[in-house]
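Both chains come to you apart, so use the hints to assemble them.
Residue numbers (numbering that gives the first Met the number 0), protein chains in the order written: chain A, 0 to 176; chain B, 0 to 480.
FYI, nobody ran anything at the bench for these hints, they're computed from the structure. Quick reminder that beta carbons are idealized off the backbone N, C-alpha and C, glycines included. Please note that a few of the clues may not be correct.
On the chain B side, residues computed to face chain A include the following (Cβ under 7 angstroms) [to be verified]:
(1) 195
(2) 202
(3) 224
(4) 225
(5) 227
(6) 230
(7) 255
(8) 256
(9) 328
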Amino acid sequence: MRRWPAILAAVLVLGALPGRAAVETGQPAWREIAWPFPRDGWPAGRAFRCNNGGCNGVEVYIRPKLGFCNCDRGVADDDEVDRVSDLDLINERFAPLRPGEPIRVANMSGRVRAYELSMPGDARRAAVGIALSQRCDLFVAVAHGVAASRDLQRFAATLVETNEIRRWVQSAMQMRP
Amino acid sequence: MWDHVRGGAIAMACLLAALGEVFAQQQKIGAPPEAQNMRLVGANDLQARSAYQPTIHHQGERWIAYIGHHGGTDEIPAPVNPQTGKPEPNGTSIVDVTDPAQPKYLRHIPGQEGKYESGGAQMVRICDGKALPKGDRNAVYMLRTFGGEAHEIWDVASPENPALVTRIGGLKDTHKNFWECDTGIAFLVSGNPEWRTRRMTQVYDLSDPAHPVKIRDFGLPGQEPGSTGAVPTELHGPISAGPAGNRVYFGYGTNKGGFLQIVDREKLINGPKEPTPENLRSPEIARMPMSAMNGAHTTFPMKDMPIAEFARDKDGKTRDIVMIVDEAILNECNEPRQMVWFADVTVEKLPMMISNYTVKEASGNFCERGGRFGAHSSNESMAAVYYKKMAFISFFNAGVRALDIRDPYHPTEVGYFIPAITAATDKRCVKIDEKERCKVAIQTNNVETDERGYIYIVDRANTGLHILELTGPARAVAGLP
Numbered sequence: 000m001r002r003w004p005a006i007l008a009a010v011l012v013l014g015a016l017p018g019r020a021a022v023e024t025g026q027p028a029w030r031e032i033a034w035p036f037p038r039d040g041w042p043a044g045r046a047f048r049c050n051n052g053g054c055n056g057v058e059v060y061i062r063p064k065l066g067f068c069n070c071d072r073g074v075a076d077d078d079e080v081d082r083v084s085d086l087d088l089i090n091e092r093f094a095p096l097r098p099g100e101p102i103r104v105a106n107m108s109g110r111v112r113a114y115e116l117s118m119p120g121d122a123r124r125a126a127v128g129i130a131l132s133q134r135c136d137l138f139v140a141v142a143h144g145v146a147a148s149r150d151l152q153r154f155a156a157t158l159v160e161t162n163e164i165r166r167w168v169q170s171a172m173q174m175r176p
Numbered sequence: 000m001w002d003h004v005r006g007g008a009i010a011m012a013c014l015l016a017a018l019g020e021v022f023a024q025q026q027k028i029g030a031p032p033e034a035q036n037m038r039l040v041g042a043n044d045l046q047a048r049s050a051y052q053p054t055i056h057h058q059g060e061r062w063i064a065y066i067g068h069h070g071g072t073d074e075i076p077a078p079v080n081p082q083t084g085k086p087e088p089n090g091t092s093i094v095d096v097t098d099p100a101q102p103k104y105l106r107h108i109p110g111q112e113g114k115y116e117s118g119g120a121q122m123v124r125i126c127d128g129k130a131l132p133k134g135d136r137n138a139v140y141m142l143r144t145f146g147g148e149a150h151e152i153w154d155v156a157s158p159e160n161p162a163l164v165t166r167i168g169g170l171k172d173t174h175k176n177f178w179e180c181d182t183g184i185a186f187l188v189s190g191n192p193e194w195r196t197r198r199m200t201q202v203y204d205l206s207d208p209a210h211p212v213k214i215r216d217f218g219l220p221g222q223e224p225g226s227t228g229a230v231p232t233e234l235h236g237p238i239s240a241g242p243a244g245n246r247v248y249f250g251y252g253t254n255k256g257g258f259l260q261i262v263d264r265e266k267l268i269n270g271p272k273e274p275t276p277e278n279l280r281s282p283e284i285a286r287m288p289m290s291a292m293n294g295a296h297t298t299f300p301m302k303d304m305p306i307a308e309f310a311r312d313k314d315g316k317t318r319d320i321v322m323i324v325d326e327a328i329l330n331e332c333n334e335p336r337q338m339v340w341f342a343d344v345t346v347e348k349l350p351m352m353i354s355n356y357t358v359k360e361a362s363g364n365f366c367e368r369g370g371r372f373g374a375h376s377s378n379e380s381m382a383a384v385y386y387k388k389m390a391f392i393s394f395f396n397a398g399v400r401a402l403d404i405r406d407p408y409h410p411t412e413v414g415y416f417i418p419a420i421t422a423a424t425d426k427r428c429v430k431i432d433e434k435e436r437c438k439v440a441i442q443t444n445n446v447e448t449d450e451r452g453y454i455y456i457v458d459r460a461n462t463g464l465h466i467l468e469l470t471g472p473a474r475a476v477a478g479l480p
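The following block holds chain B by itself, in its conformation from the complex (with noise of 0.2 angstroms):
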């Protein structure tokens, strides 16, 4: 009887002692955030707006984040923009980061009505009028998505009063672009509603912004206007190696289905411009299947990358290197594990995936914490200062990650930093027998770097913009002093 008895305060004991480790990874508004090699420079709470895309720009004297947003919430679908007084549907904010540690505030500018993915204006590109061919030299362009319906430039020349230059419409679904600021060739995620797909690729010349030019629509055999069958996995996003490089990397699925394709860039812009499979076949170089359970949100190429261990072999000394980040979508991990994959392509025509990361789970208990917990994206910049040396990921509910990439065959995370929720912060769901039960936890979105080493990260659940900097061992690791 006694032992029954003390057998049972003993399961009590650890089951209270379980659940006061799951209870205490629950993010409360005031704790500090949780952080190792990296620290918080500045933050700004962006109108309170559901974060997509950072990409930071050099411009003049200053330095300026543009930071693309996911359409409102059910509670609020149009925050009020305090600069005007007035409710706005989630677009643009653009933000003063010359001094990280004051970011300012300069500018919404709204973008498509629609909650959630169905409205904002989520991507955002810049590029210097004089560093397009046919710019206008005093300009600042601003390519960015409104909602899922066009595509928008903009003259963001002074950041604080943005012009509107032109728009491609009448498409759905648009998403994830890519432009080449030397040339103007535009890589466009749209949905173009006579294909199959609900994304693909649009080619357009976009060297002068004023006068776009369209140059081809783009995708998988089976997703053109026409075709009967199996339909291929869309299309998330791809980048260019340019002129210089000639290839494009594009990557299909999200969550599932993913694939890599690597594409030649001259055949993609010069060859036969029907949509016909043959000529969708055409520029293509390879395609790598991911498992059917990961897909490709981020495919972010990294030519010629030199590998110690590799350095005394006779070939094979540096390799052609492709990051491939998974997007998580549901909460509360019901879905296989979203994460980090590492693929060595220097053979183009055979890639083959030679490592992988992950956060590991237990080190927060982040199926516990509420929200999505995997991968979405990595940093995009190419500039020298992480360049083929740190990558960095936004993980949701366990914030960015650092990882040290100088060896892609055994990627280690150096780092890590996992913002405090605030007031702003939105709940994220789940159904428990037929009910909602609700948490609140960061879920750090997107990140991106500027060439000063300045780690920019945006969350999901409208907690805004997070300016970090490594510190210590991670620090070194760039090089930086």
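Next comes chain A alone, as it looks inside the complex (with noise of 0.2 angstroms):
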């Protein structure tokens, strides 16, 4: 928790844009990929690798959830973050590697808790999902990779922070009050 008004700043200092090409700033360089993943309820989202940074190799997903029946109590506990935050999409085995904790990114707050998936053939991976609530919307991203999830909790916050995810998201999250 403590991290993040240090990484905000940092990023809206550097401004970093992860666009459609890596952004070579120092910071984690994202390219984005194909929605990895099959057409669920939701319409799907937009997916990134990390390239450099240290994180080669860390992806990040992330997507607008419209239509949240919590408007008013927004993403009030960890249980909420388990069942909206599209680690089920990487595999349905995960399991929480201590409490979440309470964050704010832009205009939205929410929690972000650490998860260890299953992967086949036994491995572990370590995976952070993040969930945001906006009045009755939710915007979610879980990141993964080979990297300790303090670390990918910092990753994934310098993608949301971008200025164009950030005005992305404002635009996905206007369509409802």
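Written as structure tokens, this is what we have:
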């Protein structure tokens, strides 16, 4: 939690842009890839793979989910993060590593939680789920890769806080007050 | 040049005509309701409170409507009750509908403070004390939710003077309960804070409403405390076929990830109760997933339906059908269409969707009208007047739709009624270019019928209660004179 203001400040200063091509800023450089999951109840989001900055191979999937029943309460507990943050797209078998933490990104507040994913061949992989809400809508992100969960959280933050993603999220989520 | 001018003029005329068509579909205060084969009999404004479930009960010589409410609005969190002169958080309206042309508002029981889905007292079910195995024979019991935090039972034998009997609290997100009046078994939709899902089932013995006895918690493996991994879609509501039918039909989801779950009632009530994955799986007979783009608000069973087309077949003349109604939740069509589905569950292990129904959007330009467009719920009365013959579907800005379901393989709309808006009808907004754009439209939220054949619809956008009757060919479908 304490890292987020610093991350936010750094990103705002750097004004990093992910774009369709990698951007070298000293920060993780994200390249957009095709949404790797079959259609489910929500429209597809956007997927990114990190190519440098110590996060090589880390992937982040983000998407808005319009229509969330807890309009007043928001993302109030860790169970909500378990339910909505799209970890199940990667693998339905995941377990939390520790209690989640409240976060605030842009104008949205919610929670972030670290997980261990069970991968094929009994492999384990760290993942981070983020669920943010704005009134009756959600924005979710999930990051996974060969990295410590704290680092995954930091990497995901650099992506979510980029101007391009912020603009995209704002545009996608203004469909409903 | 001239061709260009003339072409432009034609294009402009077409555009204006198209816009005129759209604007013509916008509801206006003072305009008449839109209807086909349905007629308005009477109405009540319900103190301009956002309404959810109506339940109509024949009580002595009177017919009483009990109507649950959502919470208040940003503008009016607690409307003034003219009977007390005080602002009261939305709760339960009690209306005497003995004369449906002159419904008489009897009493408002305040609900939980809170706006929209966060307050009020949405759900209501009624059982006579004399029907319940251990009830007070002189009592009439009303089971209602109290906001999201509790279930309450009131004695409404005197509907003007209801008295609280008991409360089951400490919960979150209570919702669409079902109560068997002949056994007292209740399937309460609750949020047990220890569970990983927002809503699950708490089975209670409410045969003595003054002394509720909890039987068990129930949900899907993955929802129980201590589980990990993906969390299955949350419950919306069950309907029980009682001890004779020995089935409970659970609907999961709202507008996403829905499915029908068919459960052995006997195993559910008397099986092992510890919420282990094995014990939760044990009473399940089948689970039929829907499209991930739809949810199951209502799962209404109709067993042994004779199918005319199959009458000469040696097997399968009758079918067990479950009607599944999705719930639209986003304004102005910002989601996949939520509609009505019919499942043939005759072979219980392998239920199959056989047909569907939706209002044709173009028939009223409903995506342009404002508010939600799509299905929400159906009548749940199993009284002979309509059961297995007609279904009534609340469709938000398309009002209520009357379906001929005698052949559930081919459900057919035979009537509709879209109430007029009033000064009390609340706006519904979407954001366009970061600005709110609001429209006012009827939002028919829930519907119920009584044994006399009257149809009761209530509005989520504060327009109140409308009591309807069928006319013309729709009346003939039900066999009404």
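Interface hint for residue 225 of chain B, Cβ within 7 angstroms of any Cβ on chain A:
Hint violated; residue 225 of chain B Cβ to chain A Cβ min 11 angstroms, cut 7 angstroms.
So, residue 202 of chain B near chain A? Judge it on the closest CB pair being under 7 angstroms.
violated, 22 angstroms
Restraint check, 7 angstroms cut-off on beta carbons, for residue 256 of chain B near chain A
Holds - the Cβ of residue 256 of chain B comes within 7 angstroms of chain A, reaching about 5 angstroms at its closest.
Does residue 195 of chain B pass the interface check with chain A, least Cβ-Cβ distance below 7 angstroms?
holds, 5 angstroms
Hey, does the residue 328 of chain B contact hint survive, CB to chain A under 7 angstroms?
For residue 328 of chain B, the interface hint holds, since the closest Cβ of chain A sits about 5 angstroms away, which is under 7 angstroms.
Close enough to count: is the Cβ of residue 224 of chain B nearer than 7 angstroms to one in chain A?
violated, 10 angstroms
Interface hint status, residue 230 of chain B versus chain A (Cβ within 7 angstroms):
holds, 4 angstroms
Using 7 angstroms as the Cβ threshold, decide whether residue 255 of chain B counts as touching chain A.
Since the shortest Cβ distance to chain A is 4 angstroms, the answer is holds.
May I ask you to test the interface hint for residue 227 of chain B with respect to chain A, counting a Cβ-Cβ separation under 7 angstroms as satisfied?
holds, 4 angstroms
In summary, the structure is inconsistent with hints 2, 3 and 4 from the numbered list given earlier, while agreeing with the others.
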